[in-house]
Amino acid sequence: MMASQSKATKNAIDDYLAPATLSDALGALEDGEATILAGGTDLMVQTQSGRVGYKQRLVNIRRIDELRGISEHGGRICIGALVTITELLNNTLVAEKVPVLAAMADKFASNQIRNVATVGGNICNASPAGDSIPPFLVLDADVELACLRDGKAATRSVPITEFFTGPGRTVRASNELVTGISFAVPQAGFIARFIKSGPRPALEISAVSMALGGVVENDVFRSVSLSFGSVAPTAMRARKAETFLTGKKLDDETIRAAVETALEEVSPIDDVRASIWYRRHLVGVYLRRLVADVVQG
Amino acid sequence: MTSIAKKSVIGGRFPKPDSPDKAVGRTRFINDLELPRMLYGKILHTDRPHALIKSVNTERAKTLAGVHAVLTGDDFPEVKFGINRDNTPLKKGKVRCIRDEIAAVAAETEEICNAALDLITVEYEDLPGVFDPIEAMLADAPLVHEDRPGNLSLAYKFDHGDIASAERQSDVIMDHVFNVHYVTHCCMGTSSVIADFDTDGKLTIYTQTQYPYNYKMDLAPALGIHPGDVRVIQPPVGGAFGSKLDVYPFEPICVLLAKATRRPVKLTFSREEEFINAPTRQPARIHLRMGAKADGTITFRDVDCILNNGAYTSWGPTTPYVMMRTFSSLYRVPVVRFRSQAVYTNNPYAGSFRGYGNVQATYAAAIQADMMAEALGMNVLDFSLKNAQKSGEVSPQGSRLEDCVFTECLAIAAEKSDFVAKQNRYQAERNRPGRIKRGIGLASSIHNAGGAKIHKSDGCGSILKLDDYARATLITGASEIGQGIDAVICQVLSEELGIPMSDITIVNNDSAIAPWDVGVHASRTTFIAGNSARRAAIKAREQILRAASKQANVPQEALDLREGWVVQDDNGETVIKLDKLLRQMHFKEDPELVMTTDYYEPPSEPETENHVGDMSAAYSHAVHVAEVEVDTETGEVKVVKVTSAQDVGRIINEMGIEAQIEGGIAMGIGYALSENLQIVDGLVRNPSFRDYKVMTAPEVPEMELHFVESHSKTGPLGAKGIAELPTIVIAPAIANAVHNAIGIRFLDPPLTPEKVARAIWERDISVAAE
Chain A
1 MMASQSKATK
11 NAIDDYLAPA
21 TLSDALGALE
31 DGEATILAGG
41 TDLMVQTQSG
51 RVGYKQRLVN
61 IRRIDELRGI
71 SEHGGRICIG
81 ALVTITELLN
91 NTLVAEKVPV
101 LAAMADKFAS
111 NQIRNVATVG
121 GNICNASPAG
131 DSIPPFLVLD
141 ADVELACLRD
151 GKAATRSVPI
161 TEFFTGPGRT
171 VRASNELVTG
181 ISFAVPQAGF
191 IARFIKSGPR
201 PALEISAVSM
211 ALGGVVENDV
221 FRSVSLSFGS
231 VAPTAMRARK
241 AETFLTGKKL
251 DDETIRAAVE
261 TALEEVSPID
271 DVRASIWYRR
281 HLVGVYLRRL
291 VADVVQG
Chain B
298 MTSIAKKSVI
308 GGRFPKPDSP
318 DKAVGRTRFI
328 NDLELPRMLY
338 GKILHTDRPH
348 ALIKSVNTER
358 AKTLAGVHAV
368 LTGDDFPEVK
378 FGINRDNTPL
388 KKGKVRCIRD
398 EIAAVAAETE
408 EICNAALDLI
418 TVEYEDLPGV
428 FDPIEAMLAD
438 APLVHEDRPG
448 NLSLAYKFDH
458 GDIASAERQS
468 DVIMDHVFNV
478 HYVTHCCMGT
488 SSVIADFDTD
498 GKLTIYTQTQ
508 YPYNYKMDLA
518 PALGIHPGDV
528 RVIQPPVGGA
538 FGSKLDVYPF
548 EPICVLLAKA
558 TRRPVKLTFS
568 REEEFINAPT
578 RQPARIHLRM
588 GAKADGTITF
598 RDVDCILNNG
608 AYTSWGPTTP
618 YVMMRTFSSL
628 YRVPVVRFRS
638 QAVYTNNPYA
648 GSFRGYGNVQ
658 ATYAAAIQAD
668 MMAEALGMNV
678 LDFSLKNAQK
688 SGEVSPQGSR
698 LEDCVFTECL
708 AIAAEKSDFV
718 AKQNRYQAER
728 NRPGRIKRGI
738 GLASSIHNAG
748 GAKIHKSDGC
758 GSILKLDDYA
768 RATLITGASE
778 IGQGIDAVIC
788 QVLSEELGIP
798 MSDITIVNND
808 SAIAPWDVGV
818 HASRTTFIAG
828 NSARRAAIKA
838 REQILRAASK
848 QANVPQEALD
858 LREGWVVQDD
868 NGETVIKLDK
878 LLRQMHFKED
888 PELVMTTDYY
898 EPPSEPETEN
908 HVGDMSAAYS
918 HAVHVAEVEV
928 DTETGEVKVV
938 KVTSAQDVGR
948 IINEMGIEAQ
958 IEGGIAMGIG
968 YALSENLQIV
978 DGLVRNPSFR
988 DYKVMTAPEV
998 PEMELHFVES
1008 HSKTGPLGAK
1018 GIAELPTIVI
1028 APAIANAVHN
1038 AIGIRFLDPP
1048 LTPEKVARAI
1058 WERDISVAAE
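Here the protein sequences line up with chains A and B, keeping their order. The working numbering puts the first residue of the first sequence at 1, with every later residue one more than the last. The working numbering puts the first residue of the second sequence at 298, with every later residue one more than the last.
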């Protein structure tokens, strides 16, 4: 059997732009022939290894102030695409209203990477193991996108549950830029927790990650939202397990049955980090832990 | 006249002299060096483990602007090199593993090199591969090398005493198979080399090698040049750990590129290339049997090892040479049978790595000792004390244990860690509810600590000079690869010459200047190079004191050198300033310059062909106690504390010893718990730090280090080599601790969370089924 060896990823760029405004950036993306650089913590590794090739133009969006900042208005919290993981970790609004994001940020990569890695980048990289994604899934967040249409800026919001189409793939069109992510301020009493696997407290790509949110009233779980990372082609909401848990008293039998339900929903793979068996095992371990944690408040 | 008291720098705490430059980023590694007109080189490695090369098309690459040369195996006569003479720089006809080099490019930038590599097309006819050494021994297995029947690479055997009668004397016999895995060195600096020819055709090579003199001998045949025409320059390296103890194909390839282009060429691996193409630790299947009498006395060890040689032979398949020492001398073992076979496969291949087979052997031997103690109903501490050798004993292979403090190491490690009480308590708590279980484990080890006479000489040369300002320069054959010989030599010279360490310069980076040394390996440098430097210093000291005695008319024995002065030994009163004396010696009518040389050969013996001989000038022991927490749900093992008691001979630089032991423990924890180069069907599945998990700072446990000073009679000022033992002994201590916590043995490291969780789950299922 004959076979041949040749490589063909493009790791040189023809053109580099660093626009200072959103409208300039959208102009630079208009023909769809641009690779976007934010923190670069994924892009640099992927292009160096040849797994991802550059398009002809590299657009560095880091000078665009419009993509920075965490704000609250109209009952929603907006996180700019360029907000770094370190900012998420240290932000007072996040600490007060959505501490689960700070808890996630505390487990994210290492200090050095958190200082440059951005929320927008972590979402657009669309790794099934992306740490920020399970918490945004339980927050029912929307991904905010912008592009130029007929010379004018056009925006759209995509629920994050519909944003990912596969590993490394999203519904973002090649002329679109993710400008941020937004979600409703959680209702009173909402508690959310995040957990990821791995014995290393830093620099761990999780074999399983999980976020659980909801309101516990009189021992009964309501408004349940549950999400998993690394157990399916994309990070996912576990709708059946959510439905199962909703309105239930959180006793051992309920939790056992919820784990069974969740395991029907996931489709983990064997890979270099973990086997199917271990991922399914951890789904059970972590779901029990998170439920116990949420019940304790 | 003032008086200067006698002071010693031995046993003090001194940062390595090269650390300030490293801390501020001033150190010039090979990556920082650029020679005028220098080109860059890159290698096209194959992407399949076993295939015939039908064609290599380099035409498009050759026409790319900025490319100066594209080479393939067809451009040179095939010259074999390596330990088994089975490797070539660029492969012709066939590839045998994914490390194989198909073509090489020299170009003006690395980017152009990479673009040129993309333009090379290779056509293959895939061959069935063989990846498991046991399958590779089968009669119908594919042959990796057509001229190596049965795929056999190297075999070792050792026999001492009669196993059958030892078995009859045994009350308990343990019989287990251990499988130890692939790990790699993870040097911070990836492999890099610069080759530069002068107009006479002589080669200067800038390399990370840790054995510069034999390196010439090994490199030259692959190039068809005379070893004498190779000058080896050793810039500072970002880690070596044994990985630079051999010549690998990228080095002759870089030289061939330099020859073809008549320009200096630098070739540096990317991190991914480093994971795939740098050597690994030797994996092994170790079938180990050990017998003991009911009172705990060991009766025999019987060992069969099968090693996955990979496609070519570097030092990895020679590690049984050290393994057999472990099996015959870790504890008093009256009867030993050892067999090993290294078998060619289509996997990448292993080199030497800190511990050199002893990491693998001790993993098996120290776990089995724990199992034997359990089977006998003894504590492993008592079992170890029962079988621990004392000074004056000779092992079956002829290791003469002088200055042996094994018993002291056991006692200190056990007492300081409260080992016995904790082990009993944790075992009693094993079946209580709660997901976190604690455990404590003990492991013992022995290693050569005074070099290893595996070459015709295990020596090191030194040249010492003092200038007119009483500044000393010591030119030593010993390479500095981060292990700390620079500080040790400065201390030894300071001690003998009475000058500050800051007035001493070490030169050891140029084979045209420095005298011969066998290389940095076998925990030998402090011992051998330290002895050589000290002997050169003593000669200089005598020359100086002779002159001072004559000038001051005081008997030579009554004088000493302290803090830059010649003083009277009894009261410390100053006689003459040293620099002044040196100038007087230099510029007098009958001038003399203080320059001395020494070549030190340790009092060790090469092994006979039956593997008997006192191959090291000293041996030492280390005992580690590890305390762990096991998460019984996720399987995560956290090392909470390590207590170490190690025979260091005598402390020269306490800071250096601490750094070696702490670093060795961190490296060994990675071996035990997380590091695993996953090679499946000949392919490396995790060639990145993302998925190859080394310890990071937060997982490094508390370490309590105890240095036991045995005062070696042959070591420099009593010191012994110390660098490998901590990596050798920690992993079985951890595995024994995990057993204490959860009652499960792990014979196949690493103890990853998944492996531990799976073992607990399987046990719970089988318990539930009963």
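For the record, the hints were derived by calculation from the structure and aren't laboratory data. Heads up, a few of these hints could be off.
As the list claims (entries may be wrong) - Quick partial rundown of chain B residues pointing at chain A, CB under 10 angstroms, derived from the structure:
1. 556
2. 558
3. 569
4. 928
5. 930
6. 934
7. 998
8. 999
9. 1003
10. 1006
11. 1042
Every residue gets a Cβ at the ideal spot worked out from N, C-alpha and C, and that includes glycine.
Evaluation of the provided hints:
Annotation: residue 556 (chain B) was flagged as interfacial toward chain A, and the flag is violated, the nearest CB pair being 26 angstroms apart, outside 10 angstroms. At its closest, the beta carbon of residue 558 (chain B) sits 23 angstroms from a beta carbon of chain A; the interface hint therefore is violated under the 10 angstroms criterion. A hinted interface residue such as residue 569 (chain B) counts as satisfied when its beta carbon comes closer than 10 angstroms to some beta carbon of chain A; here the least separation is about 6 angstroms, so the hint holds. A cut of 10 angstroms between beta carbons decides the hint on residue 928 (chain B): the least distance to chain A is about 9 angstroms, and the hint holds.
Taking 10 angstroms as the C-beta cut-off, the interface hint given for residue 930 (chain B) holds, the closest approach to chain A being about 4 angstroms. For residue 934 (chain B), the shortest C-beta to C-beta distance to chain A is roughly 7 angstroms, which falls under 10 angstroms, so the interface hint holds. The criterion of a C-beta within 10 angstroms of any C-beta in chain A is not met by residue 998 (chain B), whose closest approach is roughly 12 angstroms, and the hint is violated. Using the Cβ-Cβ criterion of 10 angstroms, the hint placing residue 999 (chain B) at the interface with chain A is not satisfied: the shortest such distance is roughly 16 angstroms.
About 28 angstroms separates the beta-carbon of residue 1003 (chain B) from the nearest beta-carbon of chain A, more than 10 angstroms, and the hint is not met. Because the beta carbon of residue 1006 (chain B) sits about 36 angstroms from the nearest beta carbon in chain A, more than 10 angstroms, this interface hint is broken. The restraint placing residue 1042 (chain B) at the interface with chain A is violated, with a minimum CB-CB distance near 20 angstroms, outside the 10 angstroms limit.
Going down the numbered hints, you'll see the structure goes against 1, 2, 7, 8, 9, 10, 11, while the others check out.
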